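Colleague: Going by this note's numbering, the sequence shown opens with residue 3, and the numbers climb by one from there.
Don't read these hints as lab results, they were simulated from the structure.
These numbers come from a predicted model, not from an experiment.
A few of these clues could be false.
DEER-style ranges, computed between Cβ atoms [claimed, not checked]:
(1) Tyr-203 to His-224: 19 to 27 Å
(2) Ser-237 to Glu-190: 26 to 34 Å
(3) Arg-193 to Ala-19: 22 to 30 Å
(4) Val-126 to Ile-209: 27 to 35 Å
(5) Ile-209 to Pro-163: 41 to 49 Å
(6) Pro-191 to Leu-28: 14 to 22 Å
(7) Gly-5 to Arg-195: 38 to 46 Å
Where is the CB? At the ideal position from N, CA and C, for every residue including glycine.
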Amino acid sequence: MSGLPAPLAELVGSCLAKDPGERPDLERLLDRFAALASAEEGTGEAGGWLPEDLTEVIGRHRTLTLSGGRPATKSQRPELSRVPVGTSAIPSGGSRLSLAEERAHKLGWGYLHQARTYQYTVYVPLGIFTLLSVITLAQVLITGEADWLFSPGFVYFIHIPQIVVGVVLVVAWLLWFQRVRATAEALEPGRLRFPSSMAVYGWFIPIANFFLPQMIATDIWHASSQPRADGRMESFGLVHIWWVLWSVTFLTLLTWPIFWFSQDLFDMWDQLIVRVVAIPSAIAAALFVHRLTAMQAARLNT
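All chains, full assembly: derive it from the sequences and hints.
Modeller: What follows is the structure, given as structure tokens:
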């Protein structure tokens, strides 16, 4: 702090006291800033070192102090009105959000715009994967035979494309999931149980990937939801349905390598089970993506 003016250095030093009780509260800080601003005006020196938003706060505080009033308490402050996207959040009474809140609001919209891009990147491979599953299921049900599952036509036009689309889907999903996690952090900073990186790495930790992503998704869902009219939070039913279907699909997909190396162990009913589970799982995943992204947009819009 050697470069700071002496009065300001003393004030900053008091804010760095180890004992929290010795640090000045907001009222004392505003009083000190107002006194410093008055001293600068008395000497005729040009200030300009304070941010404009803070200067406005100090000005209102000085006006209220000189008139015998005090700044409004938290319970007296006006509620925030709905704010159009891309504009600064300003309460109905004219007071601005705190700088930290406004920065978190802008960060949240930035992350959500990226999440919306990845959202549609998830929809496309998810739709193709589901379509190929439906074609396979219909073919097996119509013919009643499993021989088609080992034909060159199935391998080149169904199986290989489904693997490629599956890889694209995994990448798109991880990008989307990480971004909605970042948006949730902007909405509820410090309130989520796991670090942001776990939104990606958590899917690849053996054993833990059967419950860790679901816990992260629950945290994101809770941080993104708004209380309903009756005071209750958004239902977690869709989260649980999506996770159960995904877990069952993942377990069935683990049998595919065995299926291709030892055809005698499986018949067409195993393929039917895989497809029957994968189709509703894909639908639930699409609904989960849509609902969570919409919830975050609604939360940031209020």
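Colleague: Is 19 to 27 Å respected by the C-beta to C-beta distance linking Tyr-203 and His-224?
Modeller: Given about 21 Å between the Cβ atoms, the range holds.
Colleague: Does the Cβ-Cβ separation between Arg-193 and Ala-19 fall within 22 to 30 Å?
Modeller: holds (27 Å)
Colleague: Between Ser-237 and Glu-190, is the Cβ distance one that fits in 26 to 34 Å?
Modeller: Violated: the Cβ-Cβ distance is about 18 Å, outside 26 to 34 Å.
Colleague: Does the Cβ distance between Val-126 and Ile-209 fall inside 27 to 35 Å?
Modeller: holds (31 Å)
Colleague: Should the hint that Gly-5 and Arg-195 are 38 to 46 Å apart at their CB atoms be regarded as holding?
Modeller: Distance hint for Gly-5, Arg-195 holds at roughly 41 Å.
Colleague: In this structure, is the beta-carbon distance linking Pro-191 and Leu-28 contained in 14 to 22 Å?
Modeller: With a Cβ separation near 19 Å, Pro-191 and Leu-28 satisfy 14 to 22 Å, so the hint holds.
Colleague: Note whether the CB distance of Ile-209 and Pro-163 lies within 41 to 49 Å or breaks it.
Modeller: violated (31 Å)
The structure fails to meet hints 2 and 5 from the earlier list, while all remaining hints are met.
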